[in-house]
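K.L.:
Residue-level listing of the chains:
Protein chains: 2
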Amino acid sequence: MHSNGKILIAQSGGPTAVINQTLAGIVLEARKFTQVSRVYGALRGVEGIVNEDFLDLTQETTHNLEQVALTPSSALLSTRIKPDTQYCHTIFEVLRAHDIRYFFYIGGNDSSDTARIVNEEAQVANYDLRVIHVPKTIDNDLMLNDHTPGFGSAARFVTQAFMGINLDVRSLNGVYIGVVMGRHAGFLTASSAIARKYEGDGPHLIYLPERVFSVDQFIRDVKEVYEKYGICIVAVSEGISDASGVPIITTMCRDIEKDDHGNVRLSGTCALGDMLAGQIKEKLNISRVRSDTFGYLQRSFFGCVSDIDQHEAREAGERAVQLAMWNDMDGSVTLKRTGNYSVDYILERFEDIAGQTRQMPDEFINQAGNDVTDAFKFYVRPLLGSGLPQPSWVRAPRVPRIINNRK
Amino acid sequence: MHSNGKILIAQSGGPTAVINQTLAGIVLEARKFTQVSRVYGALRGVEGIVNEDFLDLTQETTHNLEQVALTPSSALLSTRIKPDTQYCHTIFEVLRAHDIRYFFYIGGNDSSDTARIVNEEAQVANYDLRVIHVPKTIDNDLMLNDHTPGFGSAARFVTQAFMGINLDVRSLNGVYIGVVMGRHAGFLTASSAIARKYEGDGPHLIYLPERVFSVDQFIRDVKEVYEKYGICIVAVSEGISDASGVPIITTMCRDIEKDDHGNVRLSGTCALGDMLAGQIKEKLNISRVRSDTFGYLQRSFFGCVSDIDQHEAREAGERAVQLAMWNDMDGSVTLKRTGNYSVDYILERFEDIAGQTRQMPDEFINQAGNDVTDAFKFYVRPLLGSGLPQPSWVRAPRVPRIINNRK
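Heads up: the sequence lines are chains W and B, in that order.
My numbering puts the first sequence at residues 10 to 416.
My numbering puts the second sequence at residues 10 to 416.
Calculated directly from the structure, the hints in this document are not laboratory data.
Watch out, some of these pointers could steer you wrong.
Identical chains share a label here; the pair holds if one copy fits it or two copies do between them.
Said to hold, decoys possible - Derived BS3-like pairs: lysine-lysine, alpha-carbon spacing no greater than 30 angstroms straight-line: (1) K91 - K237; (2) K91 - K290; (3) K237 - K386; (4) K232 - K91; (5) K292 - K91; (6) K232 - K292; (7) K345 - K206; (8) K290 - K237; (9) K292 - K237; (10) K232 - K386; (11) K232 - K206.
I would like the entire structure built from these sequences, with the hints used as guidance.
P.N.:
What follows is the structure, encoded as structure tokens:
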């Protein structure tokens, strides 16, 4: 059993629908242990640590925490700051000043690197500290994880969106292009495949950042589908790139914006969808071509959540506390699939997660690079949770023509 | 009681989440009457009538119809064709050839005009025909209606979207602009106001097509909100126009696309959001400015529906049949509010609905023209239905600083 002291929790990066489940899981589990004197939450991730912007979550009601757990996006607010070694040193100094002995950081692969450095500082200073990174990202791109909390709910949104788009485009015809988040990993875009129910349902084409995107091939693909079905629905990752690795979006955008991590901003602009739609109109002479960029709706819509994702996000937080308290361990919590469908939570080393990006394995992508395989659909379906809506078409027989048969 | 014969149903215009409830309401009610020999459905609205593309819905199972009712978008597919008098004449000839004695047309104000002309043709030809127009539109812009089926569910989507956007923007700061459908009527955009729960929640500014939009005033408004809250969330109708009535979107778009009705296409392109975001970045020097165009998601997302809207859409269909069968009447079904909250279905004359657009009344818009009033919120809330999610923030007390207080 570990020493007495305080617990600190922080959240980082882009919001998810279930990140507060993890927060609630940590707080509620931590408050059971008598050696925990206080449970603190830092506001705005590492910024809140350096500024000592702490809330005393020991004094939060269980009832309100359960309501917060059902609320999407980071209840402790977030940050895009990527701490360097000096910043991590300051973090450690604040933890020490507040006698914090357990640090839980909910975030992506950058957060696991921050956790690693803070942990090393503690060891050098001979300061007794347990550090646990708890995963979250809608991108599903963390190494050694079967999948990550937050992904299932975002994937469910994308699936339900394409289910509706199928019906909308079918009723009025044409070509539709939906641009989905995913810089390097195509998992979220690929989930659109679950929207297919009937023969001829879209998305008919799925383009992922794991494969080189060619505008010419795209036009040929759309032409083929459109000639077959009279409609064509396309799901495309915002991160698709050309053969030299240049994102397609940068080849047509006037002002490119970059974040602290040097990443080109891909969301919050519609240039990619507009450009691809323009190409189809021009080259294929199809009049009704529409495009939507799913943007912030796909990660923040309040009211589209996977129950499986909720349960796992909650349990990941709970398990993180148990691993720190009972097993006296540091590391990154990962989700492993142990059956179809069941998971377990295993602690891995920070350095095996940090700064790396998991992409879709080859077996999940078809040969032509414009669709997913059944292996992917089998993988992703349980993550979307129960109660997924199902479209139904009318199946009544045709009535024989009278006037038009006379002619 | 009206004469024996067949019933024909058709759907027109943009899809809604509940248009198939109306279809199911008509079919199931119609099949109860012994004088109805067949219930036909035309594929693709008036196109399906002219081409005699009919399904025999008498031979559709009740069970499948109930599943179809839960499916968004037109099950009988749709059309954007606006029939002229000659086209209406052809429609009438087909109805006569198939011995159709009841025609139910589910659509907006153009559809009620089609119903009017077909009805007149029947009278001139002394052909016994009952024609009923049943309303649907997410725009909520039909005259003499308190509101229209389809609007409540789309409004609920917009509300839930802005609830999530509130949490997302709060967690990472900045300015956010959400572009919502609504060419001439701002009801859908205005519904975003229901997303506000806590002090400081957005949308902080709401711009509607009912008021002149000035880019300069918009920038001043955003500046004021941003200085107060550190964030600013804006809901804007795609149809906002300048003082001369020119849509703001056309002042910056390269290729303007028009439909058969001569309407400029406002959806499926992101130019408006991008332009407004660009203005904020440039004039106010705010780095994190994001914009989304809700596009087709807001009318087609499968899994966001108002139960009130479902019930009313269903009942409007049922009542339409009852009015035609028991009361031997022609006209347009309208929804009247009879309490808070209850409605009744009254038949109005086609010509009082056709070709006109209802806009938001002045009492629903604030003096400055950048927000809605409580009267609007009182009006719209019941239409969103039950079980609307509610965000919850943590309310734990602040922890006193240690290091930063020493400095």
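K.L.:
When Cα atoms must be at most 30 angstroms apart, do K237 and K386 count as within-copy, between-copy, both, or neither?
P.N.:
For K237 and K386, only the intra-copy Cα distance (24 angstroms) is at most 30 angstroms; the inter-copy one is 47 angstroms.
K.L.:
Checking an output row: K232 and K91, CA cutoff 30 angstroms. Within, between, both or neither?
P.N.:
between (44 angstroms within a copy, 29 angstroms between copies)
K.L.:
Which holds for K232 with K292 at a C-alpha limit of 30 angstroms: within a copy, between copies, both or neither?
P.N.:
within (10 angstroms within a copy, 43 angstroms between copies)
K.L.:
Evaluate K292 and K91 at a C-alpha cut-off of 30 angstroms and name the case that applies: within, between, both or neither.
P.N.:
between (43 angstroms within a copy, 28 angstroms between copies)
K.L.:
Between copies, within a copy, both or neither: which fits K290 and K237 at Cα up to 30 angstroms?
P.N.:
So K290 and K237 pass the 30 angstroms test inside one copy only (18 angstroms; across, 45 angstroms).
K.L.:
Using 30 angstroms as the alpha carbon limit, work out where K232 and K206 are close: within a copy, between copies, both or neither.
P.N.:
within (22 angstroms within a copy, 48 angstroms between copies)
K.L.:
At 30 angstroms max between alpha carbons, let me know whether K232 reaches K386 within a copy, between copies, both or neither.
P.N.:
Within one copy only: 25 angstroms inside a chain, 47 angstroms across chains, cut-off 30 angstroms.
K.L.:
When no copy is specified for K345 and K206, does a C-alpha distance of 30 angstroms or less occur within a copy, between copies, both, or neither?
P.N.:
For K345 and K206, the Cα distance is within 30 angstroms only inside one copy (29 angstroms; across copies 38 angstroms).
K.L.:
Which holds for K91 with K290 at a C-alpha limit of 30 angstroms: within a copy, between copies, both or neither?
P.N.:
For K91 and K290, only the inter-copy Cα distance (24 angstroms) is at most 30 angstroms; the intra-copy one is 42 angstroms.
K.L.:
Cα distance capped at 30 angstroms. Does K91 pair with K237 within a copy, between copies, both, or neither?
P.N.:
between (49 angstroms within a copy, 28 angstroms between copies)
K.L.:
For K292 vs K237, is the C-alpha pair at or below 30 angstroms within one copy, between two copies, both, or neither?
P.N.:
Classified as within; 18 angstroms inside a copy, 49 angstroms across copies.
The structure fails none of the hints (numbered hints given earlier).
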